[in-house]
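> Please take these sequences and the hints and turn them into a complete structure.
Here are the chains, one letter per residue:
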Amino acid sequence: AQSVTQPDIHITVSEGASLELRCNYSYGATPYLFWYVQSPGQGLQLLLKYFSGDTLVQGIKGFEAEFKRSQSSFNLRKPSVHWSDAAEYFCAVGASGGYQKVTFGTGTKLQVIP
Amino acid sequence: NAGVTQTPKFQVLKTGQSMTLQCAQDMNHNSMYWYRQDPGMGLRLIYYSASEGTTDKGEVPNGYNVSRLNKREFSLRLESAAPSQTSVYFCASSERGMVGGGTEAFFGQGTRLTVV
Numbered sequence: 001a002q003s004v005t006q007p008d009i010h011i012t013v014s015e016g017a018s019l020e021l022r023c024n025y026s027y028g029a030t031p032y033l034f035w036y037v038q039s040p041g042q043g044l045q046l047l048l049k050y051f052s053g054d055t056l057v058q059g060i061k062g063f064e065a066e067f068k069r070s071q072s073s074f075n076l077r078k079p080s081v082h083w084s085d086a087a088e089y090f091c092a093v094g095a096s097g098g099y100q101k102v103t104f105g106t107g108t109k110l111q112v113i114p
Numbered sequence: 115n116a117g118v119t120q121t122p123k124f125q126v127l128k129t130g131q132s133m134t135l136q137c138a139q140d141m142n143h144n145s146m147y148w149y150r151q152d153p154g155m156g157l158r159l160i161y162y163s164a165s166e167g168t169t170d171k172g173e174v175p176n177g178y179n180v181s182r183l184n185k186r187e188f189s190l191r192l193e194s195a196a197p198s199q200t201s202v203y204f205c206a207s208s209e210r211g212m213v214g215g216g217t218e219a220f221f222g223q224g225t226r227l228t229v230v
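Heads up: the sequence lines are chains S and P, in that order.
For the first sequence, our numbering gives the first residue as 1, with consecutive numbering after it.
For the second sequence, our numbering gives the first residue as 115, with consecutive numbering after it.
These are computed hints drawn from the structure, not numbers from a lab.
Careful, some of the hints might be misleading.
Among the chain P residues that face chain S by a calculated CB cut under 7 Å, a handful are [what the hints assert, rightly or not]:
#1 156
#2 157
#3 208
The structure presented is a predicted model; accordingly, all values stated were derived computationally and were not measured.
We treat Cβ as the ideally placed atom computed from N, Cα and C, and that holds for glycine.
Written out as structure tokens, the structure is:
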């Protein structure tokens, strides 16, 4: 069965600093990978997704993620964090088939300090 | 364009009471989903509806029922609420069910339910 691990429950960064959120997955074939962001009191919004092709994926709000098959990772990065990026971030992995087969990680809560 | 709308946003129930969470989407999506979000657990799928007229169990269906009323609406019912059902509930929809087809899910803002 597929699974997703986000090893960092909580991360604090200074505004303007770079950010990397870790995501490791377990899946037998080529996975479909997602990063979602959840702002306080809001639903989840898709930041980016990887289905195939270029392993470096660009998303909204200046985020990018790199798929590394050898490390089973799909880490999310941003070169310079803004205070508005404070939120919870979820990595998710999907299998070929229905979206109901998407498995979400437990989330990483990002705090941004001025 | 409202996207996915959930009502209510907040609810407090007493143990044993029943209630229905409503969800509607205006994107003409075929598939709809109900998740619950608990601290340290991420999102877990309760039920889904791949298309109008069909519903299926997800990972944690016990204690819940669903109805796909029409293409737009997908409701979640708690027949006899228990404290273990205290959670944040999210409804989502996607154009197609197939992940490989480039599908993404759009989420509502959630319903925070407390059962006392």
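> Compare the structure with each hint and give your call.
A quick look at each hint next to the structure:
no.: 1; hint: 156; in the structure: 4 Å, holds
no.: 2; hint: 157; in the structure: 4 Å, holds
no.: 3; hint: 208; in the structure: 5 Å, holds
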